[in-house]
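Trainee: The chain contents come next:
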Amino acid sequence: MRRAWRDERLWAVLLLALAALVPVVAPMLGSPATVGLATRIVIYGLAASSLHLILGGAGLVSFGHAAFFGLGGYAVGILYAHHVSGEPFLGFIPGSNDLLVTMPAAILAGGIGAAIIGALSLRTAGVQFIMITLAFAQMLYFLFVSLKAYGGDDGLAIRRVVPVLGMNLRDPATLYWICLGLLALWLFLMDRIRRSRFGRILAGVRQGERRMAAIGVRTYPYKLAAFTIAGMGAAMAGALMVNYLRFVSPDMMHWTKSGELMVMVILGGLGTLLGPVVGAAALVSLEYTLSGLTEHWQFVLGPILLLVVLFARGGILGGLRRLAGRPAEHEAQPLPPGELPSGGTAPERAAHG
Amino acid sequence: MGLLLEQLLNGVQLGVTLFLLAAGLTLVFGIMGVINLAHGSLYMIGAYAAAVTAAATGSALLALLAGLAAAGVTGMAIEFLVLRRLYARDHLDQVLATFGLILFFNEAMVLLFGRQPLFVNVPEALRGTLRVLPGVDYPVFRLLIIALGLLVALGLYILIQRTRIGMLVRAGATHREMVRALGVDVRMLYTLIFGLGALLAGLAGVMAGPILSVQPQMGEQILITTFVVVVIGGIGSVRGALFGAVLVGVVDTLLRAYVPGLLRQVMEGSEADALGAGLASMGVYLLMALVLLVKPRGLFPAHA
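Protein sequences, first through last, are from chains A and B.
Its first residue numbered 1, the first sequence is counted upward by one per residue in UniProt numbering.
Its first residue numbered 1, the second sequence is counted upward by one per residue in UniProt numbering.
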C-alpha cells in the first residue's frame, strides 16, 4: 500500500477527482466565481503540461510556446467569424461554431504550425534555439496584429457556440468539466509517453544529446515529434481558452505569455506529471490574489519568481518531495561518468560543440 | 533619392542604438553564458533617470550623467545580487529569474512615474538640422547619436583588441575555464563587463528619450530586437553585434517605410497600412530565422 502512494499517477487521479467537485462545492461556499478561476487553471495547466513535454521531457527551452496557444485560439475565432459571415475560409473551408469541428481544427492548426516551426528551429540548439522559437512566435504575433480582417489588435469576439453533444458550453460548470476531462486525457497521454521508448529517448536527449547520437539514435525526428505534439496540446488549450473567454486576441501569443507558461512549468517542478498543473494553479491563483490586493501586483510577482528560481529548485513538487524525504526525480537520475550536470555545461557545449 | 537617404540614416541611427544594447548583451552572453532579459530594463532606467533629471534641472549634461549612473548602478546591483548566483545554472533558470526582474522594474517605473509616457525635449543646442546632401536636411541630434555610437564602437574595438582587459575578455569568450584556471579574477572581470554593458544600455536609453517617448515596457520592445541582433551577429562577438545592429536597423526602417506604400498599390489604404506594418515588424525575425538556418551560429561566431 505504501508503494502505491509513491506513484504520481494515483495522486493525479485523486487530484482530478477532487477538482471535478469544484462546481458542486463552490456555490455551497458562496463563491461561484471560483469555477471561472478553476477553468483558467485547468486550461493553463494543459498548456503548461504541453510545454513541459519539450521543456522537461527533452530539455528543449522553447520561448515561443504561446504561438501555438494563440494558433489554437485563432482557429476557433476565425472559423466562427466565417460561420457568421457565411464566406468559406480561404475560399473552401466553411466556417463553424461547433466545438466538435473547431477543436480538431485548432489541434490541426497547432500541429502544422509546430511541425513547421519545429522543423526549422530544431536545427539550432542552446541559446539560438531559445531565440529562434521566440522569433517565430513574434512573427505570428505581428501577423495576427496586422490582420485587420480578423480584428487585428482588438481581437475577435465569439458568440453563440452550439451545444456539444447536448452540453451547453455557456454554462460555466459544463465548460469546466469539459476542460477538466481534456486535461485528464492529456495527462494520461503524457504519462504514456513518459513511460514509452519515445519518452525515454527524449529523456536521453535532455541528459546528453551527444551520447544519444553515439548509441545510434537519430534524435531530430523524436524532438520534432515531441515539439509537434506539444504544439497540438497548446492549441487545444488555446481553443478551450477562447471558448471560455469568448474572445481571442494577439495577446494570447505575446511573448510574455510564453514566459508565463515557462514560469508555470518551473514553479510546479520539472520532471513530474502534475508539476505543470500545480504550477499553473499556483501562478493563476497568485496573480488573482495579488491583483485583488493591488493594481501593481507585478511589482510583487516579479521578486517572488526570482526567489523561486534562486532558492526553491525543483519547484513546488520538488519542495513537497523533499519534505517527504525523497529527492525529486530530476535530481535522483544518476549521471553517467564523464557527463557533467546539464546546468553549467550548456554554454560550454554551445561554445565548443 | 533624398527620402531614401533619410530613411537609410534613420536605419543607421536605430542600428547604432541597437548596437549599444547588443554590445553589452553579447559580451554578457558570450563570456558569462548568461541570458539577461533585464538588459532592456537598464535601458529603460537610463531613459527614465535622464528624463526626470532633464525635467528637473534643464541640463542635458546632468541628464546624461544621471542616466548613465542609474543604469550602471542598477546593473552592478543586478549582477551582484542575482546573476552571480545564476552563472552555473542552465538557461531556463536565467530566463525565468530575469523575466521576474522585468516585471519588477516595469511595475516599479509605473509606481514611481505613472503609466503616462514622459516626453523629453532635444537639448537646445542640438535642435537644428544639418544639410547632409543638397536638398537633404537631417536633425543634428540624430547625427550626433550616429557619431556617438560609432565612437563607442571604436572605443570598444580598442578596449577589446588592444588592452589587457580586452585580452581577458577575448580569452574568456573562447576558453572560459582556461582563463579561470590561469588565476584571473573572473568575478571581477564579470562585474566589470556587466557594468560596462549596463552603462552602454543606459547611454542608449538616454539618447532614445528625445526620439521615442519614455514609458514602462520600452525596454522589452527593443530588447527582443536586440536579441535578434545578437543572434544574427553571432553570440559573444562585438564585431557581429555592430554589423548585425546596423543590418537590422536599416532593414527594419526600410521595411516600415516602404512596405505599406507597396501594398497600397494592390490593396485598400487602411488595410494595406495595417498589413504593411505587421509584415514590416515580421521582417527582422524572418531575417534572423534565415540567418540561423544558413549559419546556425550567426554571421561572426566568436567561438569559431
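Calculated directly from the structure, the hints in this document are not laboratory data.
This structure is a prediction, so every number in the text was calculated from the model and none was measured.
Please note that the accuracy of each hint is not assured.
Computed footprint of chain A on chain B; a stretch qualifies when at least three of its residues, placed anywhere within it, have a C-beta under 8 Å from a C-beta of chain A [as the list claims (entries may be wrong)]:
| id | segment |
| --- | --- |
| 1 | 49–61 |
| 2 | 99–112 |
| 3 | 134–141 |
| 4 | 151–163 |
| 5 | 217–228 |
Per label pair, the in silico range of CB-to-CB distance [unchecked claim]:
| id | chain 1 | residue 1 | chain 2 | residue 2 | range |
| --- | --- | --- | --- | --- | --- |
| 6 | B | Ala69 | A | Ala312 | 53 to 63 Å |
| 7 | B | Thr174 | A | Ala119 | 48 to 58 Å |
| 8 | A | Arg218 | B | Leu111 | 49 to 59 Å |
| 9 | B | Leu159 | A | Tyr220 | 34 to 44 Å |
| 10 | B | Leu111 | A | Phe198 | 23 to 33 Å |
| 11 | B | Gln221 | A | Leu224 | 36 to 46 Å |
| 12 | B | Glu177 | A | Arg211 | 35 to 45 Å |
| 13 | B | Val266 | A | Ala213 | 43 to 53 Å |
| 14 | A | Arg170 | B | Thr57 | 57 to 67 Å |
| 15 | A | Asp153 | B | Ala125 | 13 to 23 Å |
| 16 | A | Arg192 | B | Ala69 | 54 to 64 Å |
C-beta: ideal position from N, C-alpha, C; glycine also.
Trainee: Each hint needs a verdict: does it hold in this structure or not?
Mentor: Hints, verified against the model:
1. 49–61: violated (count 0)
2. 99–112: holds (count 12)
3. 134–141: violated (count 0)
4. 151–163: violated (count 0)
5. 217–228: holds (count 4)
6. Ala69(B) x Ala312(A): 53 to 63 Å: violated (34 Å)
7. Thr174(B) x Ala119(A): 48 to 58 Å: At roughly 31 Å between Cβ atoms, Ala119(A) and Thr174(B) fall outside 48 to 58 Å, so the hint is violated.
8. Arg218(A) x Leu111(B): 49 to 59 Å: Cβ of Arg218(A) to Cβ of Leu111(B): about 52 Å, so the range 49 to 59 Å holds.
9. Leu159(B) x Tyr220(A): 34 to 44 Å: Hint holds: Cβ distance 41 Å, inside 34 to 44 Å.
10. Leu111(B) x Phe198(A): 23 to 33 Å: The hinted range 23 to 33 Å is violated for Leu111(B) and Phe198(A), with Cβ atoms some 48 Å apart.
11. Gln221(B) x Leu224(A): 36 to 46 Å: violated (32 Å)
12. Glu177(B) x Arg211(A): 35 to 45 Å: At roughly 21 Å between Cβ atoms, Arg211(A) and Glu177(B) fall outside 35 to 45 Å, so the hint is violated.
13. Val266(B) x Ala213(A): 43 to 53 Å: Holds - the Cβ-Cβ distance for Val266(B) and Ala213(A), about 48 Å, lies within 43 to 53 Å.
14. Arg170(A) x Thr57(B): 57 to 67 Å: holds (59 Å)
15. Asp153(A) x Ala125(B): 13 to 23 Å: violated (39 Å)
16. Arg192(A) x Ala69(B): 54 to 64 Å: holds (57 Å)
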